[in-house]
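Protein chains in written order, with this note's numbering: chain G, 7 to 192; chain A, 10 to 536.
These are calculated hints, taken from the structure and not from any lab test.
The beta-carbon is built from N, C-alpha and C at its ideal position, and this holds for glycine as well.
A few of these clues could be false.
[Unchecked claim] Cut-off 20 angstroms, straight-line C-alpha distance, at most; resulting in silico cross-link-like pairs (DMTMM-like, lysine to aspartate or glutamate):
| id | chain 1 | residue 1 | chain 2 | residue 2 |
| --- | --- | --- | --- | --- |
| 1 | A | Lys508 | G | Glu35 |
| 2 | A | Lys86 | A | Glu131 |
| 3 | G | Lys85 | A | Glu57 |
| 4 | A | Lys508 | A | Asp454 |
| 5 | A | Lys64 | A | Asp454 |
| 6 | A | Lys86 | A | Glu30 |
[Stated by the list, open to error] For the chain A half of the interface with chain G, some residues (derived, Cβ under 10 angstroms), not all of them:
| id | residue |
| --- | --- |
| 7 | Pro230 |
| 8 | Tyr237 |
| 9 | Arg329 |
| 10 | Ala333 |
| 11 | Thr457 |
[Said to hold, decoys possible] With beta-carbon atoms standing in for the labels, derived distance ranges:
| id | chain 1 | residue 1 | chain 2 | residue 2 | range |
| --- | --- | --- | --- | --- | --- |
| 12 | A | Ala125 | G | Glu148 | 18 to 28 angstroms |
| 13 | G | Thr168 | A | Glu322 | 52 to 62 angstroms |
| 14 | G | Pro88 | A | Glu243 | 55 to 65 angstroms |
| 15 | G | Arg31 | A | Lys64 | 50 to 60 angstroms |
| 16 | G | Ala27 | A | Glu57 | 24 to 34 angstroms |
| 17 | G | Thr168 | A | Gly385 | 24 to 34 angstroms |
| 18 | A | Arg458 | G | Ala147 | 34 to 44 angstroms |
| 19 | G | Ala147 | A | Leu456 | 31 to 41 angstroms |
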Amino acid sequence: MNSSERLAPALPKTVEPPPSALRGRRYGEDRLYLLVRDPRSVLAIWELTPELHARARVIARDQRSATRYQIRIERRESKSAPGAVLATADIPDALGGERWYLGLPKGGGECRALLGVALGGAFEPLLESSWTPVPPDGPCAEEGPWDLTPEARAWLLERARTGAAPGAGSGSAARYLAPPPGKARS
Amino acid sequence: MTQGYLCILLHAHLPYVRHPEYEDSLEERWLFEALTETYLPLLAMLEERAQRGAKGRITVSLSPTLLAMFEDPLLRKRYAYHMGRLLELAEREVARTRHEPRFHPLAVHYRERFRARLHQFEERYRRDVTSAFRAVSDAGSVRLITCGATHGFLPLMSLGAPSWRAQIGAAVGEFERQLGRRPDGIWLPECGYTPGVESVLAEFGIRFFVVDTHGILHACPRPLPGTYAPFRSESGVFALGRDADSSRQVWSSTEGYPGDAFYREYYRDQGFDLPIEEVRGFLPSGGTRTHLGLKYYRITDRRSAHREPYEPETAQARAREHAAHFVRGRASQAREASGRIGQPPLLLAPYDAELMGHWWYEGPEWLGYVLDEAAGPASEILAVDPLEAIGAIPRATEGRLHPSSWGEGGYSAMWLDPSNDWIYRHLNHAAETMQALASAGDRGDPLTRRALRQAGRELLLAQASDWAFIMRTGTLVPYAVRRTELHLSRFGHLADALKTNRINPVEVAELEELDPIFPSLDPGLFA
């Protein structure tokens, strides 16, 4: 199962992961993790046991509803602030699946994922991840103290604007054996 | 008058690759190539500076996996053999090109170069590269710092502090064991920072770390001097941000020095250019063509496939010119920034060490010339290490940092992508399991302690950011997948044995022999 083809273009392109003996392996535990990819996309990873799946079905049946799994991403500004739902995604196969990318309408703050069943307008959470910091979309609105002339301030802000593009400098691409001649260095 | 402080930092890292099960492994050549083209030439440059008492200091982060490989008797022996073989090939090339005046001097150049490296490694260092680094550090030419134990990308470790503590604690322990003192600074693997990491760094006495430019520029409150001032994090550990201008000058594929027409072309190599029958004996088992380090051409014109023969003397002259240009540029930048922010700025210029020499053949010489230029009587910048800069620059900024890295996009996209995201559920599971096992302790039983320690090693090795990176870049993917699976499988095996208290001493010994990294690893770090 891969969410990337159905979601926002900013999310990663669908790539068939390499074959691995680990794919699909289950540990017999209920777990939900949230990994932050960038300010506008996160990845929920989970394992759901048949027992929890059975419980989800009972919950849905009691509400006369089909078992419709959903992932919700909650966001809060800080540890003391209340969380609010920022993004949701319906998951066709929570039992067999294991990961799902979600786009976020804004960056910053902290997010966590909830995996549960959608019951009409309600939501019954079954699993929750821990809160994870999300990078902001850009510079902080609040300025730190530093005595500057207006001209110096403008100069520094302009330099920050041109130098702040994340990932503008290269990283550790040059470390391993090179590809054969004719293929450029990544 | 000093207008600014230039901190050049080289991050030296390779994943832990050691295959006693094979006679010859393609991936072990990563280390051999980097030794020949980067680490030994850098050491030679630093030693020469130390001998003449030259001013100026750079910083080098030596990753613990690299230190482990420097120390490994098998890899030392194999490197000496590899260099002997390369020297043999170079001798043949000298003979083969004797009637080719355009290439013969180059064949001689490589023969002399390989001979010098082999002598440096065998006779001068007695195969002990770590002690050579320690010596140039003691002489004041370099400040050595550490990195995550196996280069695990910290922001994607869901367990947070316990996982960070294991990566950082193991790294600090190894640094101390091998270099005789604790490190003052750390290169966070891939420059990957997420809030909370700085508290763990403080626990281990680390005083500074590095983040990418936007790591500082997006901090709260916004630090107006940007990367020009050290940034004091909430734990008191300083974060230093990469200077975008210095970086662009070297890294940029369009503006960067390494693309100069007179510099050596990386991609043309006799490992590919010679008839297969002439190089087969020098290629890894199986005869896969690969780079052998004998490269006879210069870049010439990047818009065309035509290449002219390489001229080492001309390239050296260009390196000297580029060094002067670099230092002039930094001095001008420092002068301007200093006038604006009211104090000399910090200019942090971090590069992958392997860029110097391996990719950019003339890189180590360029670096030496940069240090000479910066030490000149009229120079307005001082080449210092981060601690010297922090001590000399009157005022720091402070606040909260947000997650960042130096990879593509500036966050976690390089290591979290449909090509590699499948590994994290398994890594998380293993980290949680290890935490539970370590918390339970060894009950005073030596075998249990050995099994716990080995389980810790396997987990750390599985966490290396290199595997996700390789899966993402698409080269050598099966190797990266195999390594991830292998270490997780070995971990799982040990974890099951520990849980059921059915530890087989023979199996533990076998794994200790296969992955003998971090001999004094403390399993308590994982609790």
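Evaluated hints:
1. With a C-alpha separation of about 16 angstroms, the suggested pair Lys508 of chain A and Glu35 of chain G falls inside the 20 angstroms cut-off, and the hint holds.
2. Note on Lys86 of chain A and Glu131 of chain A: the hinted pairing holds, with a Cα-Cα distance of about 10 angstroms set against a maximum of 20 angstroms.
3. For the given pair, Lys85 of chain G sits about 53 angstroms from Glu57 of chain A by alpha-carbon distance, which is inconsistent with the 20 angstroms threshold.
4. Annotation: proposed proximity of Lys508 of chain A to Asp454 of chain A holds, straight-line Cα distance about 14 angstroms (limit 20 angstroms).
5. With a C-alpha separation of about 53 angstroms, the suggested pairing of Lys64 of chain A with Asp454 of chain A is violated against the 20 angstroms cut-off.
6. A C-alpha spacing of about 15 angstroms is found between Lys86 of chain A and Glu30 of chain A, which places the hinted pair at or below 20 angstroms, so the restraint holds.
7. About 4 angstroms separates the beta-carbon of Pro230 of chain A from the nearest beta-carbon of chain G, less than 10 angstroms, and the hint is met.
8. Hint status for Tyr237 of chain A: holds, given a least beta-carbon distance of 8 angstroms to chain G, under 10 angstroms.
9. Residue-level restraint check for Arg329 of chain A is violated (minimum Cβ-Cβ distance to chain G is 23 angstroms; threshold 10 angstroms).
10. Annotation: interface hint on Ala333 of chain A violated; nearest CB of chain G at approximately 23 angstroms, more than 10 angstroms.
11. Below 10 angstroms, beta-carbon pairs count as interface contacts, and Thr457 of chain A has none with chain G, the closest being about 22 angstroms; its hint is therefore violated.
12. With their beta carbons about 56 angstroms apart, Ala125 of chain A and Glu148 of chain G fall outside the hinted range of 18 to 28 angstroms.
13. Judged by the Cβ atoms, the range 52 to 62 angstroms given for Thr168 of chain G and Glu322 of chain A is violated: they are separated by roughly 37 angstroms.
14. For Pro88 of chain G paired with Glu243 of chain A, a C-beta distance near 23 angstroms fails the hint of 55 to 65 angstroms.
15. Taken as a hint, the range 50 to 60 angstroms holds for the pair Arg31 of chain G and Lys64 of chain A, whose Cβ atoms sit roughly 57 angstroms apart.
16. For the pair Ala27 of chain G and Glu57 of chain A, the beta carbons lie near 50 angstroms from each other, so the given range of 24 to 34 angstroms is not met.
17. Separated by about 30 angstroms at the C-beta atoms, Thr168 of chain G and Gly385 of chain A satisfy the suggested range of 24 to 34 angstroms.
18. One distance hint, 34 to 44 angstroms for the beta-carbon pair Arg458 of chain A and Ala147 of chain G, is violated here, with the actual separation near 52 angstroms.
19. The supplied range of 31 to 41 angstroms is broken by Ala147 of chain G and Leu456 of chain A, whose beta-carbon atoms lie about 58 angstroms from each other.
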